[in-house]
Amino acid sequence: MHISSNFDGGNIICHASETPDNIRLSIRKDAHSDFYQWFYFRLSGAESQACKMTIENAAGAAFKGGWEDYNACASYDRKTWFRVPTKHENDQLVISHTPEHNSVFYAYFAPYSMERHADLIAQSQLDDRVSASVIGQTLDGQDMDLLTIGSPDPAKKKIWVIARQHPGEIMAEWWMEGFLERLLGDERTAKQLFDQCVFYVIPNMNPDGSKRGHLRTNASGANLNREWGAATMERSPEVLLVMHKMEESGVDFCLDVHGDEALPYNFIAGAEGVPSFTDEAQKWLSDFKANYVKSSPDFQIKHGYALTAKGKANLTMCTNYVAETFGCLSMTLEMPFKDNADRPDPKYGWSPARAARLGHDVLEPILAHVNRL
Numbered sequence: 000m001h002i003s004s005n006f007d008g009g010n011i012i013c014h015a016s017e018t019p020d021n022i023r024l025s026i027r028k029d030a031h032s033d034f035y036q037w038f039y040f041r042l043s044g045a046e047s048q049a050c051k052m053t054i055e056n057a058a059g060a061a062f063k064g065g066w067e068d069y070n071a072c073a074s075y076d077r078k079t080w081f082r083v084p085t086k087h088e089n090d091q092l093v094i095s096h097t098p099e100h101n102s103v104f105y106a107y108f109a110p111y112s113m114e115r116h117a118d119l120i121a122q123s124q125l126d127d128r129v130s131a132s133v134i135g136q137t138l139d140g141q142d143m144d145l146l147t148i149g150s151p152d153p154a155k156k157k158i159w160v161i162a163r164q165h166p167g168e169i170m171a172e173w174w175m176e177g178f179l180e181r182l183l184g185d186e187r188t189a190k191q192l193f194d195q196c197v198f199y200v201i202p203n204m205n206p207d208g209s210k211r212g213h214l215r216t217n218a219s220g221a222n223l224n225r226e227w228g229a230a231t232m233e234r235s236p237e238v239l240l241v242m243h244k245m246e247e248s249g250v251d252f253c254l255d256v257h258g259d260e261a262l263p264y265n266f267i268a269g270a271e272g273v274p275s276f277t278d279e280a281q282k283w284l285s286d287f288k289a290n291y292v293k294s295s296p297d298f299q300i301k302h303g304y305a306l307t308a309k310g311k312a313n314l315t316m317c318t319n320y321v322a323e324t325f326g327c328l329s330m331t332l333e334m335p336f337k338d339n340a341d342r343p344d345p346k347y348g349w350s351p352a353r354a355a356r357l358g359h360d361v362l363e364p365i366l367a368h369v370n371r372l
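FYI, numbering that gives the first Met the number 0 numbers position 92 of the sequence shown as 91, with every residue one higher than the one before it.
Bear in mind the hints are in silico, worked out from the structure with no lab data behind them.
It cannot be assumed that every hint is accurate.
What the hints assert, rightly or not - Calculated cross-link-like contacts (lysine-lysine; reagent style DSS-like; alpha-carbon spacing at most 27 Å): (1) Lys288 with Lys156; (2) Lys63 with Lys86; (3) Lys190 with Lys282; (4) Lys155 with Lys311; (5) Lys282 with Lys293; (6) Lys346 with Lys301; (7) Lys293 with Lys156; (8) Lys293 with Lys311; (9) Lys78 with Lys156; (10) Lys78 with Lys51; (11) Lys311 with Lys63; (12) Lys282 with Lys156; (13) Lys156 with Lys190; (14) Lys288 with Lys301; (15) Lys282 with Lys309; (16) Lys282 with Lys155.
Stated by the list, open to error - If you anchor each label on the Cβ, the simulated ranges turn out as follows: (17) Leu306 with Gly140: 37 to 47 Å; (18) Leu372 with Ser150: 14 to 24 Å; (19) Gly228 with Asp126: 26 to 36 Å; (20) Gln191 with Gln136: 34 to 44 Å.
Think of the CB as a built atom: it goes at the ideal place given N, C-alpha and C, for glycine as much as any other residue.
Sequences and hints are given; from them, build the entire structure.
Pasting the structure below:
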């Protein structure tokens, strides 16, 4: 048997793999950081053998609550990812599985490679309404891709949608696939939006962390969602480049797409804690969430984060920075690593297809918000 992770997004340290019932593993920390939780590795040579894979450092992971009621993802073809029995016991994460083939991949969530990201950008630009551009480079020299969708016009509303500030929150880019597919494929809804809006879309805010197999940081160890308003080219060029582009374009709406390790729900966190938050801003936020509930059976408003008191928000977070800087509706969308507890799927859990569908269903609430501006 052999354990490997030397591929795009891979992350694991193998301590022992001599016998299938005692495979000992650890997750590698993000570079220059103590964050870790994302894992992605390949097991070879274990067909039809009952394997017990123990992640020994699970107790020190960034979000220990993420292991409760969690089942790891597995795939033979890296296209279809299913859930396998997983237990959190004695401060370790134990994955139990008998592979049907000689090569099987395991991951914290269904991976989204940088090659697939390149395909998404390339395919999107084939639409006449899309302009693909590179707004700069990361610390590792990767491109920061921006899709400008629609005809820029000072009179149009500027809609910003970004994803994967935290690279291990893979469901965010699967969401982006569904969002872009619907935006570029639904003529009726798209026409209404393009008559009034231009979209600025960054499907992956953190290419370096994505390729390196990080959970939460870029190549320098920076948590990008704590760099807004303070970013530098030396530490967090990804955020600084986007801030400059936002200043150039203006922002009338911003949605920052993430994943939450612990909560098994889809929900939105708003900017209630910023100093400038008003009753009108609360109405915008409440109406958007209510419209998302109407458009998607997987979205809900009962569960989410505790509200931050007005004036106490961390303004280095994207949602808060954008709300305070541009006075617009700015939100963070969170999706589960586990499953949607309201609509469970024991075989696949929360999956790429379901995340894409949630992205597909966001157009109606965006349109409803734009129509009221």
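Cross-check of the supplied hints:
no.	hint	in the structure
1	Lys288 with Lys156	holds (20 Å)
2	Lys63 with Lys86	holds (13 Å)
3	Lys190 with Lys282	holds (26 Å)
4	Lys155 with Lys311	violated (32 Å)
5	Lys282 with Lys293	holds (17 Å)
6	Lys346 with Lys301	holds (25 Å)
7	Lys293 with Lys156	holds (23 Å)
8	Lys293 with Lys311	violated (31 Å)
9	Lys78 with Lys156	violated (37 Å)
10	Lys78 with Lys51	holds (23 Å)
11	Lys311 with Lys63	holds (26 Å)
12	Lys282 with Lys156	holds (19 Å)
13	Lys156 with Lys190	holds (14 Å)
14	Lys288 with Lys301	holds (11 Å)
15	Lys282 with Lys309	holds (15 Å)
16	Lys282 with Lys155	holds (22 Å)
17	Leu306 with Gly140: 37 to 47 Å	holds (40 Å)
18	Leu372 with Ser150: 14 to 24 Å	holds (18 Å)
19	Gly228 with Asp126: 26 to 36 Å	holds (33 Å)
20	Gln191 with Gln136: 34 to 44 Å	holds (36 Å)
Hint check: violations occur at hints 4, 8 and 9; the rest are consistent with the structure.
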